[in-house]
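Just so you know, the protein sequences line up as chains Y and R, in that order. Under this note's numbering, the first residue of the first sequence carries the number 108, and numbering increases by one thereafter. Under this note's numbering, the first residue of the second sequence carries the number 108, and numbering increases by one thereafter.
Quick caveat, the hints were computed from the structure, so don't treat them as lab data. The reader is advised that the hints may include incorrect statements.
Since the list gives no way to pick one copy over another, a pair counts as held whenever it fits inside one copy or between any two copies.
[Unchecked claim] BS3-like, lysine-lysine: derived pairs with alpha carbons at most 25 angstroms apart:
#, residue 1, residue 2
1, 401, 338
2, 338, 487
3, 178, 401
Protein chains: 2
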Amino acid sequence: MIDWGQRAEALLQELAACSEPGPGVTRLPFTPEHRAALEVLQEAMRRADLTVSVDAAGTLIGRREGPPGSKTFLLGSHQDSVREGGAYDGIMGVVLPLLALEKLRAEGVDLPFAVEILAFADEEGVRFPTALIGSRALAGTFDRDVLDMRDGDGNPLRDAMTTFGLAPDRIGTLARNPDEVIGFLETHIEQGPYLEREGEAIGVVTAICGIERHQIEVTGETGHAGTLPMKGRRDALVGAAAIVSEVDRLGQQTTDLRATVGALTVEPNVVNAVPRAVRLTAEFRSPDDDIRRKAGDGLHSFVQELARQRSLTIEATRTYAQDAQPCSAELSHCLMTAAKATGARGLTLPSGATHDASAMADLCPIAMLFVRCRDGVSHKPEEFAAPADMGAAIVAISHFLMAVGQQPETYGV
Amino acid sequence: MIDWGQRAEALLQELAACSEPGPGVTRLPFTPEHRAALEVLQEAMRRADLTVSVDAAGTLIGRREGPPGSKTFLLGSHQDSVREGGAYDGIMGVVLPLLALEKLRAEGVDLPFAVEILAFADEEGVRFPTALIGSRALAGTFDRDVLDMRDGDGNPLRDAMTTFGLAPDRIGTLARNPDEVIGFLETHIEQGPYLEREGEAIGVVTAICGIERHQIEVTGETGHAGTLPMKGRRDALVGAAAIVSEVDRLGQQTTDLRATVGALTVEPNVVNAVPRAVRLTAEFRSPDDDIRRKAGDGLHSFVQELARQRSLTIEATRTYAQDAQPCSAELSHCLMTAAKATGARGLTLPSGATHDASAMADLCPIAMLFVRCRDGVSHKPEEFAAPADMGAAIVAISHFLMAVGQQPETYGV
Numbered sequence: 108m109i110d111w112g113q114r115a116e117a118l119l120q121e122l123a124a125c126s127e128p129g130p131g132v133t134r135l136p137f138t139p140e141h142r143a144a145l146e147v148l149q150e151a152m153r154r155a156d157l158t159v160s161v162d163a164a165g166t167l168i169g170r171r172e173g174p175p176g177s178k179t180f181l182l183g184s185h186q187d188s189v190r191e192g193g194a195y196d197g198i199m200g201v202v203l204p205l206l207a208l209e210k211l212r213a214e215g216v217d218l219p220f221a222v223e224i225l226a227f228a229d230e231e232g233v234r235f236p237t238a239l240i241g242s243r244a245l246a247g248t249f250d251r252d253v254l255d256m257r258d259g260d261g262n263p264l265r266d267a268m269t270t271f272g273l274a275p276d277r278i279g280t281l282a283r284n285p286d287e288v289i290g291f292l293e294t295h296i297e298q299g300p301y302l303e304r305e306g307e308a309i310g311v312v313t314a315i316c317g318i319e320r321h322q323i324e325v326t327g328e329t330g331h332a333g334t335l336p337m338k339g340r341r342d343a344l345v346g347a348a349a350i351v352s353e354v355d356r357l358g359q360q361t362t363d364l365r366a367t368v369g370a371l372t373v374e375p376n377v378v379n380a381v382p383r384a385v386r387l388t389a390e391f392r393s394p395d396d397d398i399r400r401k402a403g404d405g406l407h408s409f410v411q412e413l414a415r416q417r418s419l420t421i422e423a424t425r426t427y428a429q430d431a432q433p434c435s436a437e438l439s440h441c442l443m444t445a446a447k448a449t450g451a452r453g454l455t456l457p458s459g460a461t462h463d464a465s466a467m468a469d470l471c472p473i474a475m476l477f478v479r480c481r482d483g484v485s486h487k488p489e490e491f492a493a494p495a496d497m498g499a500a501i502v503a504i505s506h507f508l509m510a511v512g513q514q515p516e517t518y519g520v
Numbered sequence: 108m109i110d111w112g113q114r115a116e117a118l119l120q121e122l123a124a125c126s127e128p129g130p131g132v133t134r135l136p137f138t139p140e141h142r143a144a145l146e147v148l149q150e151a152m153r154r155a156d157l158t159v160s161v162d163a164a165g166t167l168i169g170r171r172e173g174p175p176g177s178k179t180f181l182l183g184s185h186q187d188s189v190r191e192g193g194a195y196d197g198i199m200g201v202v203l204p205l206l207a208l209e210k211l212r213a214e215g216v217d218l219p220f221a222v223e224i225l226a227f228a229d230e231e232g233v234r235f236p237t238a239l240i241g242s243r244a245l246a247g248t249f250d251r252d253v254l255d256m257r258d259g260d261g262n263p264l265r266d267a268m269t270t271f272g273l274a275p276d277r278i279g280t281l282a283r284n285p286d287e288v289i290g291f292l293e294t295h296i297e298q299g300p301y302l303e304r305e306g307e308a309i310g311v312v313t314a315i316c317g318i319e320r321h322q323i324e325v326t327g328e329t330g331h332a333g334t335l336p337m338k339g340r341r342d343a344l345v346g347a348a349a350i351v352s353e354v355d356r357l358g359q360q361t362t363d364l365r366a367t368v369g370a371l372t373v374e375p376n377v378v379n380a381v382p383r384a385v386r387l388t389a390e391f392r393s394p395d396d397d398i399r400r401k402a403g404d405g406l407h408s409f410v411q412e413l414a415r416q417r418s419l420t421i422e423a424t425r426t427y428a429q430d431a432q433p434c435s436a437e438l439s440h441c442l443m444t445a446a447k448a449t450g451a452r453g454l455t456l457p458s459g460a461t462h463d464a465s466a467m468a469d470l471c472p473i474a475m476l477f478v479r480c481r482d483g484v485s486h487k488p489e490e491f492a493a494p495a496d497m498g499a500a501i502v503a504i505s506h507f508l509m510a511v512g513q514q515p516e517t518y519g520v
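One chain only, chain Y, in its complex shape (with noise of 0.2 angstroms):
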């Protein structure tokens, strides 16, 4: 009997080697790592029965055909890494369902339509002041000016790509037909710690969250912090103290609500001198756009009424904001009753961070589904699942195509 997990866990180890020399994984888009990852797939997919071909964006595709005529599911994720990232994030998304349709061709099942593999070039963004490349070519939204993006030596992300033997310019040509694709499906590390501390494996993502962001600026006053009396101070970090603790009561008192001041820097910052300026930012996320509104707005009427308590000027600007992203709600049925089949409570979570699921949303249903991760830390060399949990997720994922392929009703296959 095949440990699929065991599996899982040694080629990801193969694939961590594909990394720049130093602690954990580096392996940014284009570059020799990038190759060499490329090379290891490609000998797994042909082991899963699968044609493998790299498209001008850079996405290394392996597919199994289906009945003739019959629409397409995908199944992916992003094969790059931060820097000093860990051996799970993104790749194990490619390698799970690479496994699930090795598994399901050992035990002879033939789905009723064609499946593709994919691992995309770049979602981290890491390299280029850009990302999700690979799926917004496959969704249509590509925008041709990023390839004058240049990368911190200066090499356009058009170079980059042309010296990889890709065809940058065909990437427009990419875009898939939405009538050929039934959804697609994204397998990655939790990156929280909330399976952990519910003791499960697997978990099925209900929507990406959307993500707002707030760039404050807080103005009072400085003075000689020995000199200056308290009374009628106007003291810049007093205030943005206040907006810390209300920001992060939103977030406590909100169901479904992420709230954060992550950045804060003072002026002129010395010990004794009252704090003339403070800029901080507030990022709220929700898988509900209300919600995610409503605390934003509720924070520009909160920093207006501290101004005018603390004869402060307060600039709040929403500087960023993008909806969240829903998964198809017949996907993620297949995908819990897959998920309950491994043995899984079918725990539902949202996901925080954005994926390449939020650029295929463009093109067709998505779902995701989300594998435990070791004190939901990620983006670090101590990142890991483990492999009884990677294995529970190729089990849920076999399953989940299968529970896809007894929808035609649905899927039209």
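Given chain Y, put chain R in place with the hints provided.
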């Protein structure tokens, strides 16, 4: 009739020209700018009929003898400025008593004791990482080890002083005999807004505040702002915000306390990461050491409880403590009487900042006279004291010296 305030302003403008190029006044100790200022002051001292000398620590001394065997009253402040500072901080405390002596001489008043006007070389501690060289020398508290300290160009203090024509190794011989000194009066701009808010030109200082500083390190746990659930977060910045609010609350609710968080830095300080660690300072100043210590102890209790409640690790260390220096009740009474004689209401206030008088208190009774400064601003090119206010201070100083002279039982002249 002589306008003494205008005389002060003219002399201060002449001295302000003794500056490095650039905005405001930059006059560091043992530099050509220092030399130029001493020449201007020497000429003014001779006009006031004072005998001029420079001691081994670089203190310019203008002395007028009293009756044979009489003690000496000292008045003065420092000649140096911060970088791009103003024309009044320090140097005004040399010019005003100097003109007060000229005024007394013009009016034919002889004092029953000797007087000296002192222009200390260095109080700000901008060039070398030490300060109060001249006043500590007179008080006998000068530490010879500081002669080895270096400025930003690597020059030791000893060499800078020798090049300036001084004899640093003789500083140990400068200590005055306390039995021969009546007291020390320092006149200084307030560096705060109290007198301006009260509409008063001058005020009498009750004490130089004691200071204590705390370094606080809050350590929690970082994580992705999207994937880490709110429940169970150990957000170091949320903890630090509570500390900032508490320090301000202590200052607002306690009489005679100034409480400030001046510096705060966040790690990793990015928009989408829960803060892992925050380092911040807390400073308390009070003319009453018990009040100050109670606030420091209260903060330590607060952070212990906070650490427990939020599962944070918080280390709070008292890194610096300096006791308050009360002004002499007898001298302050004379100063109050003198101030009222100019039409002042006789307001009292503590000094939140340290001054040469802090060091002189180790030698003799001290008193301080504060002069209103515009917008409470100091250490900036915009620093300004009005000629009329300086004129009032000159009159008050001359009355003060006469009042001291009328108390032979106290000062044994």
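Please sort residue 338 with residue 487 into within, between, both or neither, judging by C-alpha distance up to 25 angstroms.
Between copies only: 23 angstroms across, 47 angstroms inside.
I want to check one pair: residue 401 and residue 338. Are their C-alpha atoms no more than 25 angstroms apart within a copy, between two copies, both, or neither?
For residue 401 and residue 338, the Cα distance is within 25 angstroms only across copies (20 angstroms; inside one copy 34 angstroms).
Taking 25 angstroms as the upper bound on the Cα-Cα distance, should residue 178 and residue 401 be classified as within, between, both, or neither?
neither (40 angstroms within a copy, 75 angstroms between copies)
Going down the numbered hints, you'll see the structure goes against just number 3.
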